[in-house]
Amino acid sequence: MRITIGYIVESIGYVIGAQGLIGFVSLTFFGTEWGWLHKVVDLPSAANLAVLAAGLLLVVTGIRTRKSTARQDPGPA
Numbered sequence: 001m002r003i004t005i006g007y008i009v010e011s012i013g014y015v016i017g018a019q020g021l022i023g024f025v026s027l028t029f030f031g032t033e034w035g036w037l038h039k040v041v042d043l044p045s046a047a048n049l050a051v052l053a054a055g056l057l058l059v060v061t062g063i064r065t066r067k068s069t070a071r072q073d074p075g076p077a
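For the sequence shown, our numbering assigns the number 77 to the last residue and increments by one with no breaks.
Possibly wrong hints are sitting among the right ones.
Simulated restraints, written as ranges between beta carbons of each label pair [claimed, not checked]: (1) Y7 - E33: 28 to 36 angstroms; (2) I8 - A53: 13 to 21 angstroms; (3) T28 - Y7: 15 to 23 angstroms.
Calculated directly from the structure, the hints in this document are not laboratory data.
As the structure is a prediction and not an experimental result, all values here were calculated from the model.
Cβ atoms here follow ideal geometry from the backbone N, Cα and C, with glycine treated the same way.
Given the sequences, and given the hints that come with them, work out the whole structure.
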């Protein structure tokens, strides 16, 4: 079960991190808004970096959850 939760958290982290990266790049270099996040909330460029960091944190947490479960559970006997 923890492996499934790890994959779910990691997948959500990829989506959130991508939205933060897209939002930062589009506002900083192009002056427009891309992605889905700007449809929900209007964030400055620096806040999009915080969204990117939150996404990366979720990815790392998901990977650690999966790896720790794999080390503890030797599998079916």
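Status of the given 15 to 23 angstroms range, CB of Y7 versus CB of T28: Given about 32 angstroms between the Cβ atoms, the range is violated.
Distance restraint hint 13 to 21 angstroms, applied to the beta-carbon atoms of I8 and A53: holds, 20 angstroms
If I claimed the Cβ atoms of Y7 and E33 lie 28 to 36 angstroms apart, would that claim hold in this structure? holds, 30 angstroms
Consistency note: the structure conflicts with earlier hint 3 alone.
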